[in-house]
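Q: All chains, please: the whole structure from these sequences, using the hints.
The listed protein sequences correspond, in order, to chains A and B.
For the record, in the first sequence the residue sitting at position 472 is 472 according to the numbering used here, with numbers rising by one throughout.
For the record, in the second sequence the residue sitting at position 128 is 128 according to the numbering used here, with numbers rising by one throughout.
Rather than coming from a laboratory, the hints here were simulated on the basis of the structure.
Bear in mind that the values here come from a model prediction, so they are computed numbers and not experimental data.
Take the hints with a grain of salt, since some may be wrong.
To be verified - Anything over 12 Å on all C-beta distances counts as not near chain A; from chain B, calculated: (1) 356; (2) 406; (3) 458.
To be verified - Simulated crosslink set (SDA-like; lysine to any residue; CA at most 25 Å straight-line): (4) B/131 / B/151; (5) B/362 / A/17; (6) B/404 / A/488; (7) A/404 / B/428; (8) A/444 / A/488; (9) B/462 / A/21.
C-beta: ideal position from N, C-alpha, C; glycine also.
2 protein chains.
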Amino acid sequence: MIYDTTLRDGTQREGLSLTVQDKLRVAQLLDDLGVAYIEGGWPGSNPKDVEFFERAKTLGLKRARLAAFGATCRAGGGKPDDDANIRALLDAETPVVTVVGKTWTLHVTEVLQTTLEENLRIIRESLAYLKSRGREVIYDAEHFFDGYRADPAYALATLRAAFDGGADSISLCDTNGGAMPWQIEEIVNAVRAQFPTEPFGIHTHNDSECAVANSLAAARAGCTLVQGTVNGYGERCGNANLCAIIPDLELKLGFTCLPQGQLTRLTALAHAVAEIANLAPDDHMAYVGRSAFAHKGGIHVAAMRRNETSYQHVDPARVGNASRVVVSELSGRGNVLSKAEEFGVDVNNANTDVSAVLQRIKELEAQGFHFESAEASIELMLRRAQKDYRPLFEMIDFLVVVEKRQGRGLLAEANVKLRVGDEVVHVAAEGNGPVNALDTALRKALTPFYPALNAFHLADYKVRILDGSAGTAATTRVLIETANHVQRWSTVGASPNIIEASWLALCDSVEYGISVAGVK
Amino acid sequence: MIYDTTLRDGTQREGLSLTVQDKLRVAQLLDDLGVAYIEGGWPGSNPKDVEFFERAKTLGLKRARLAAFGATCRAGGGKPDDDANIRALLDAETPVVTVVGKTWTLHVTEVLQTTLEENLRIIRESLAYLKSRGREVIYDAEHFFDGYRADPAYALATLRAAFDGGADSISLCDTNGGAMPWQIEEIVNAVRAQFPTEPFGIHTHNDSECAVANSLAAARAGCTLVQGTVNGYGERCGNANLCAIIPDLELKLGFTCLPQGQLTRLTALAHAVAEIANLAPDDHMAYVGRSAFAHKGGIHVAAMRRNETSYQHVDPARVGNASRVVVSELSGRGNVLSKAEEFGVDVNNANTDVSAVLQRIKELEAQGFHFESAEASIELMLRRAQKDYRPLFEMIDFLVVVEKRQGRGLLAEANVKLRVGDEVVHVAAEGNGPVNALDTALRKALTPFYPALNAFHLADYKVRILDGSAGTAATTRVLIETANHVQRWSTVGASPNIIEASWLALCDSVEYGISVAGVK
Numbered sequence: 001m002i003y004d005t006t007l008r009d010g011t012q013r014e015g016l017s018l019t020v021q022d023k024l025r026v027a028q029l030l031d032d033l034g035v036a037y038i039e040g041g042w043p044g045s046n047p048k049d050v051e052f053f054e055r056a057k058t059l060g061l062k063r064a065r066l067a068a069f070g071a072t073c074r075a076g077g078g079k080p081d082d083d084a085n086i087r088a089l090l091d092a093e094t095p096v097v098t099v100v101g102k103t104w105t106l107h108v109t110e111v112l113q114t115t116l117e118e119n120l121r122i123i124r125e126s127l128a129y130l131k132s133r134g135r136e137v138i139y140d141a142e143h144f145f146d147g148y149r150a151d152p153a154y155a156l157a158t159l160r161a162a163f164d165g166g167a168d169s170i171s172l173c174d175t176n177g178g179a180m181p182w183q184i185e186e187i188v189n190a191v192r193a194q195f196p197t198e199p200f201g202i203h204t205h206n207d208s209e210c211a212v213a214n215s216l217a218a219a220r221a222g223c224t225l226v227q228g229t230v231n232g233y234g235e236r237c238g239n240a241n242l243c244a245i246i247p248d249l250e251l252k253l254g255f256t257c258l259p260q261g262q263l264t265r266l267t268a269l270a271h272a273v274a275e276i277a278n279l280a281p282d283d284h285m286a287y288v289g290r291s292a293f294a295h296k297g298g299i300h301v302a303a304m305r306r307n308e309t310s311y312q313h314v315d316p317a318r319v320g321n322a323s324r325v326v327v328s329e330l331s332g333r334g335n336v337l338s339k340a341e342e343f344g345v346d347v348n349n350a351n352t353d354v355s356a357v358l359q360r361i362k363e364l365e366a367q368g369f370h371f372e373s374a375e376a377s378i379e380l381m382l383r384r385a386q387k388d389y390r391p392l393f394e395m396i397d398f399l400v401v402v403e404k405r406q407g408r409g410l411l412a413e414a415n416v417k418l419r420v421g422d423e424v425v426h427v428a429a430e431g432n433g434p435v436n437a438l439d440t441a442l443r444k445a446l447t448p449f450y451p452a453l454n455a456f457h458l459a460d461y462k463v464r465i466l467d468g469s470a471g472t473a474a475t476t477r478v479l480i481e482t483a484n485h486v487q488r489w490s491t492v493g494a495s496p497n498i499i500e501a502s503w504l505a506l507c508d509s510v511e512y513g514i515s516v517a518g519v520k
Numbered sequence: 001m002i003y004d005t006t007l008r009d010g011t012q013r014e015g016l017s018l019t020v021q022d023k024l025r026v027a028q029l030l031d032d033l034g035v036a037y038i039e040g041g042w043p044g045s046n047p048k049d050v051e052f053f054e055r056a057k058t059l060g061l062k063r064a065r066l067a068a069f070g071a072t073c074r075a076g077g078g079k080p081d082d083d084a085n086i087r088a089l090l091d092a093e094t095p096v097v098t099v100v101g102k103t104w105t106l107h108v109t110e111v112l113q114t115t116l117e118e119n120l121r122i123i124r125e126s127l128a129y130l131k132s133r134g135r136e137v138i139y140d141a142e143h144f145f146d147g148y149r150a151d152p153a154y155a156l157a158t159l160r161a162a163f164d165g166g167a168d169s170i171s172l173c174d175t176n177g178g179a180m181p182w183q184i185e186e187i188v189n190a191v192r193a194q195f196p197t198e199p200f201g202i203h204t205h206n207d208s209e210c211a212v213a214n215s216l217a218a219a220r221a222g223c224t225l226v227q228g229t230v231n232g233y234g235e236r237c238g239n240a241n242l243c244a245i246i247p248d249l250e251l252k253l254g255f256t257c258l259p260q261g262q263l264t265r266l267t268a269l270a271h272a273v274a275e276i277a278n279l280a281p282d283d284h285m286a287y288v289g290r291s292a293f294a295h296k297g298g299i300h301v302a303a304m305r306r307n308e309t310s311y312q313h314v315d316p317a318r319v320g321n322a323s324r325v326v327v328s329e330l331s332g333r334g335n336v337l338s339k340a341e342e343f344g345v346d347v348n349n350a351n352t353d354v355s356a357v358l359q360r361i362k363e364l365e366a367q368g369f370h371f372e373s374a375e376a377s378i379e380l381m382l383r384r385a386q387k388d389y390r391p392l393f394e395m396i397d398f399l400v401v402v403e404k405r406q407g408r409g410l411l412a413e414a415n416v417k418l419r420v421g422d423e424v425v426h427v428a429a430e431g432n433g434p435v436n437a438l439d440t441a442l443r444k445a446l447t448p449f450y451p452a453l454n455a456f457h458l459a460d461y462k463v464r465i466l467d468g469s470a471g472t473a474a475t476t477r478v479l480i481e482t483a484n485h486v487q488r489w490s491t492v493g494a495s496p497n498i499i500e501a502s503w504l505a506l507c508d509s510v511e512y513g514i515s516v517a518g519v520k
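A: Okay, structure coming up:
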């Protein structure tokens, strides 16, 4: 069973911050992949997570069980039914709650500043209370491996307290990430000898660059639940990377972690979550990286052509990735044809020049466009390549002014001049920033001709600077997601000028919305 | 013994390319660290590596032995003394040569397209010839683990051929990176049972995210030489990462890999090699990453102040790294005080209101600022909270215009009006985008007063749209990284208007550069 904690422990990564909307999208993607559990957040620690759980009720998850995370009740005589943190856990109304508690005597006495006996009480009573409220309860034994090495008898006593309290399963945590695989194996074996019939899980961190191997060692030693995060996001060096653990478990150890056929969605999931987090995907990540099956050396490539398995440990298609030959950036006519089929655009006719579309995609990607996340823009290119294509409107001029004057605050204003059919429209609009002003002006110009625009709204707007080392002169890529009441579509623009990049993505967004989404 | 192959296998990484001068600098750094072997290149494969070995003779390496890498002589009756590749190995005039040969029957018959017997001959004869020329010879058994699983008897026969030829040691290679730690352990044990007195090494790749664990498993099973690369650079998912393996071996397994005291140079080496390779260092890398010992949550930080070991698996000073406190909305007063200490800003006086700074950080973070990646902006806030603080300049007005007119292309222009001391400066500048124009104008206005600005350049520019669901009206956060020839600093700005957000980050960048970085 895969237990994803991207939305809780993963967000501890320095530089990562997700909005509630981002978290909902990630939860949906994880459910589509088919993980068993999604830990959504720590409702006792911040209001954003409270809102997430409130809104998550409408997600309609198909497979995953949602978990809320929190700590045991307070030491020093505290009672679970009178504890704000425990109450927040219940208020999240999730089928699963995951409760973390102390294993290591050092942490009990120095951090929690209580007695060893009191720590056992709060573990037992917190869990018993949550069980009595009908929840599936997972207990996270914090610092388990360090705690076990310091005092094995006490570490086992905390597990006994958790099971006595009614824990449905216990995840053994290598919180500081310093354990070695053989230590994990040995300690998990020792624990299972004490609790032979109880279910255990594993939660590791990558501070020794062994988090994946540690998770696999625990699975081999009998842990049936594995915690981790997408792309290994997490505090310090990250949590155990599920994008490596899942294929290792399925393809190397022969376990089944995901519903049949879902492993092929892994690469797309890894990239989508990076995109949502606005972090560049790690090209060199095992299985899902863009370079994971890329072959550079001439000998390797020649050998690859003789025998595919000679330089690949697994078939990349099994994780939804593909092998690539570096140098020639040829991804091929096949990709474009299969995209056209997917969109229902008929390109198998004299009307369309597929090679020209491919050529254009390559030119634009070289300039910084990135069509992987902007399928509406690809579809528009395919449609524009048809001989009978007629544009909805043509841009003539635009002008954007941003000014800040002492005592007058900030002003952003845009003028837009367009041709629609035979008419020339010239409008001006304000906004709270230059792109917002441009967007408002564009809609103002077009709405009289295409009232459907009234039903559209911008659902997301992302900016990525390519080649950041060129500083403020670098190319900017803008991704825009637009929605009406039935669907969403994504478009892309790129330019060294962020206003132009935004303009290009906005125009595609509007054209797609009117000409494709509007009639679908 | 640590065998570094950054300069040979590491350069197979997609996007990594080193000049001869770069390679010489890396070799010098590796020698300073104290590795046992430096594999400098493949002189038979490219002229750059021939030049490297020629110039490396003058390096005067103190500890490391330099190795040239190449393949066995040609199959089909080829002789080593008449083989261009073998000749190139000798011409490199290194004390060590490393020769790679085939283990896996699939590769012998399908890639090399020869007989199993002929493969044994070329291994034996190539090594014997090189030994006769006075070299230390290391044999790399390519695809050893895959080959052993396919045909253990033949895999062992290739090792026998290498030892018969005079190999001083053999490195077992997991070339495709697909092996699991327990397989490595089992197979190394089986090999050592056959060759109990001969020395073995290990060479792994990270395609299953187990390269570090695989190297450690082999070391535990008796391999005395470990191959890898700095920062794990290498083809596909990279080679085994020496920056994790070395501290794991020294601090977790109790082996001695480097001369006494040299481990503390590891973090500096990792960053210097990234710098030379012009790759951004991975902040989240085990041991050497900037975030490897960073603490974010308020509870963690409070605990850290009570007991340093409670949330760290090793003391970061042992690898030349340091623990850091990340300042964010989750921070308490303790985080701000630790930061002030770190910056050397004296806040323990009546001059500074720490609570006001903390309050201001929280307000700004609520508006979308994000200080954990912008330490220079925090430092400026601490300095601004001192009563004797005087600003370097004051903004009066700015105006930015972006326009696109049919037939005239794109234009971006900025006007900036500032007060510097008693003077008012009013300038205009163009740029290839609005932010670039603003940056150019700001520098134009200030450089006459602060010529140090000439030494600054923008090293990175990142944009993040917060709460993307507000579309183009969402708050924009801009992070700017600036550098001069000795240091880098990061600043932040946020506003619904991207131009204003950029302006705020630019102003902090310039002020910090002149008032802090310039005098440090």
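Q: Taking the hints in turn, state whether each one holds.
A: Hints, one by one, checked against the model:
1. 356: Since the minimum Cβ distance to chain A is about 23 Å, residue 356 of chain B lies beyond 12 Å and the statement holds.
2. 406: violated (5 Å)
3. 458: violated (3 Å)
4. B/131 / B/151: violated (28 Å)
5. B/362 / A/17: holds (15 Å)
6. B/404 / A/488: Violated. Residue 404 of chain B to residue 488 of chain A sits at ~29 Å, over the 25 Å cutoff.
7. A/404 / B/428: Holds, because 15 Å separates the two Cα atoms, which is no more than 25 Å.
8. A/444 / A/488: Since the Cα atoms of residue 444 of chain A and residue 488 of chain A sit roughly 21 Å apart, the hinted pair holds (cutoff 25 Å).
9. B/462 / A/21: With a Cα-Cα distance of about 21 Å, the restraint between residue 462 of chain B and residue 21 of chain A holds, given a limit of 25 Å.
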